Structure formats: structure tokens, C-alpha cells
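Trainee: Modelling step: build the complete structure from the supplied sequences, incorporating the hints.
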Amino acid sequence: MSDACLFADIAQKAHGILTQHVKSNLQSKVYQSEKVKSWTEEIMAACTRDLSKLSPNFKYIVSCLILENKGVGLHNGCACHWDNVSDGIQLVSFSNKHLQCLCTVFGVAL
Amino acid sequence: MAEAESRQKEVQLFEPTYQLGPEEKERFRPSEVKKIAEEVLKKYLEGVTEYTNSTVSASCEDVCETIKKRVKEECYLPRHKLVCQVVLGEMKDQGVRVTSRCLWDPDSDNYASAYYKNNHVWGCAMVFGLYAE
Numbered sequence: 000m001s002d003a004c005l006f007a008d009i010a011q012k013a014h015g016i017l018t019q020h021v022k023s024n025l026q027s028k029v030y031q032s033e034k035v036k037s038w039t040e041e042i043m044a045a046c047t048r049d050l051s052k053l054s055p056n057f058k059y060i061v062s063c064l065i066l067e068n069k070g071v072g073l074h075n076g077c078a079c080h081w082d083n084v085s086d087g088i089q090l091v092s093f094s095n096k097h098l099q100c101l102c103t104v105f106g107v108a109l
Numbered sequence: 000m001a002e003a004e005s006r007q008k009e010v011q012l013f014e015p016t017y018q019l020g021p022e023e024k025e026r027f028r029p030s031e032v033k034k035i036a037e038e039v040l041k042k043y044l045e046g047v048t049e050y051t052n053s054t055v056s057a058s059c060e061d062v063c064e065t066i067k068k069r070v071k072e073e074c075y076l077p078r079h080k081l082v083c084q085v086v087l088g089e090m091k092d093q094g095v096r097v098t099s100r101c102l103w104d105p106d107s108d109n110y111a112s113a114y115y116k117n118n119h120v121w122g123c124a125m126v127f128g129l130y131a132e
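For the protein sequence lines, the chains are P and S, in the order given. Residue numbering for the first sequence follows numbering that gives the first Met the number 0, starting at 0 and increasing by one per position. Residue numbering for the second sequence follows numbering that gives the first Met the number 0, starting at 0 and increasing by one per position.
Worth flagging that the hints you see were computed from the coordinates, not collected in a lab. Computed from a prediction, not measured in an experiment: that's the story for all the values here. Keep in mind that the hints are not guaranteed to be accurate.
To be verified - Dumping the calculated DSS-like pairs for lysine-lysine here, alpha-carbon to alpha-carbon at most 30 Å:
no., chain 1, residue 1, chain 2, residue 2
1, P, Lys34, S, Lys91
2, P, Lys36, S, Lys34
3, P, Lys34, S, Lys116
Mentor: Next comes the structure, spelled out in C-alpha cells:
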């Protein structure tokens with residue numbers, strides 16, 4: 000467990016955690032509306048569990064967006080009122096032939 | 000020595016209040032924030048008749064900034080950090096799921112979400128308020 004107080008210090012590892020869980024859950028999946036809910040819950044539960052072990056000095060918000068890969072347009076934006084030095088964001092995007100996933104973690108220092 | 004020190008750049012230090020949670024009047028109220036998010040989404044997306052990269056890209060930034068600004072101004076949240084995430088997508092019969100999970104203090108932190116759709120575009124806004132001691 001890291002003693003880091005700045006999100007920049009754990010950003011790379013947080014990115015790695017998100018990538019690992021998104022890929023392992025969605026690698027060869029086809030979009031099915033009845034299963035998507037359980038996929039997102041598994042991804043986020045695993046991410047929050049590993050992030051809490053990474054550093055206890057942050058509050059984490061993980062958001063996950065899964066959509067069918069139909070070539071449609073999508074825009075994702077965020078605005079944050081926080082401390083730029085200690086807080087941060089990491090974004091992971093994944094796509095296969097059938098679906099796309101956008102997973103974001105916001106780390107807010109305590 | 001004192002003169003040299005006073006000429007140095009002023010550093011703002013915020014002393015801790017040792018208040019572990021927000022007071023009643025400082026609480027993040029999801030219903031108020033949801034109403035603001037719905038109004039902003041409707042204002043920017045109501046007139047959209049076609050999803051184009053340039054217009055929606057600008058709208059996405061504007062929606063985020065406006066929601067954040069309005070929540071800061073209209074809700075009394077002096078010691079809260081705010082995170083506002085907005086997703087705008089083209090309406091084309093595709094399945095979408097937007098979810099979030101938070102690791103925080105449920106007594107002091109909260110969130111609100113809002114959704115808007117018309118025949119051409121859909122939008123989802125999530126606002127998270129985290130108490131910072």
C-alpha cells in the first residue's frame with residue numbers, strides 16, 4: 000500500500016488497475032443488455048477494491064460507460080472544483096468489435 | 000531578515016477546521032443539484048437537431064462548466080470538492096449503460112444525476128460532492 004498524498008504519484012498504477020479489469024471482463028464479449036449491468040458492477044467492484052488497497056489517502060469515484068459499437072458519436076466531459084495539485088483523474092477506453100467501454104477514476108485527496 | 004521574508008511571495012495556507020463532517024446547512028442536497036443539472040442539460044440540448052462533432056463537443060464543455068458553476072453559486076457548499084461528469088451521445092438505437100461507484104464517506108459525501116434525451120441526442124450528467132475537511 001502506498002503512502003502517496005498526491006494523485007499524480009499513483010496515477011500510473013490506477014490506470015493499470017482500470018485497464019486490467021476492463022480488459023479481463025470485456026475482452027471478447029458481445030453487447031447484451033441483460034448482461035451489461037453485471038459486467039459494469041464486476042468491473043467497478045474490482046476497481047474500487049484494488050484502488051482502496053493502492054492508497055488509503057484518497058476518496059475514489061469510478062464511473063463506467065459501456066455502449067454498443069455501432070459507430071455512433073459520443074462525448075465525455077468533466078469539470079472539477081478541487082485541488083489541482085493533490086487530486087486527479089485517469090481515463091481508460093477499450094473497444095472490441097461489438098462494444099466500447101470508457102472507465103474513469105477520479106481520485107480526491109483526503 | 001524580517002524584510003527579506005516579507006518580500007517573499009505570499010503562500011496561502013488553509014488551516015484545518017477539525018470539522019469531520021459538514022453542518023446541516025452545508026450539506027450536499029441531491030434534489031437541488033439534480034434540478035440544476037436537468038435545467039442545464041435541457042437548456043443546451045433542447046435545440047440540438049443534429050449530432051455533429053463540433054457542436055456537441057462545445058456543448059459538452061459548456062454543460063460541464065455551467066453545472067459546476069451553478070452548483071457552486073446556488074448551493075451552499077463552502078468546503079466541498081465537486082466533480083461533474085457529462086456524457087453526450089448520438090441517438091441511434093444503440094444500447095448504453097452509464098454507472099458509477101464511489102469509495103467515500105457516505106455521511107458527508109453524496110451525488111446527483113440527471114438525464115435528458117430527444118430524437119437526436121441524449122445526455123447524462125453526474126455531479127459528485129465530496130466534503131474536504
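Trainee: So which of the earlier hints does this model not fit?
Mentor: Going through the list in order, the structure violates no hint and respects every one.
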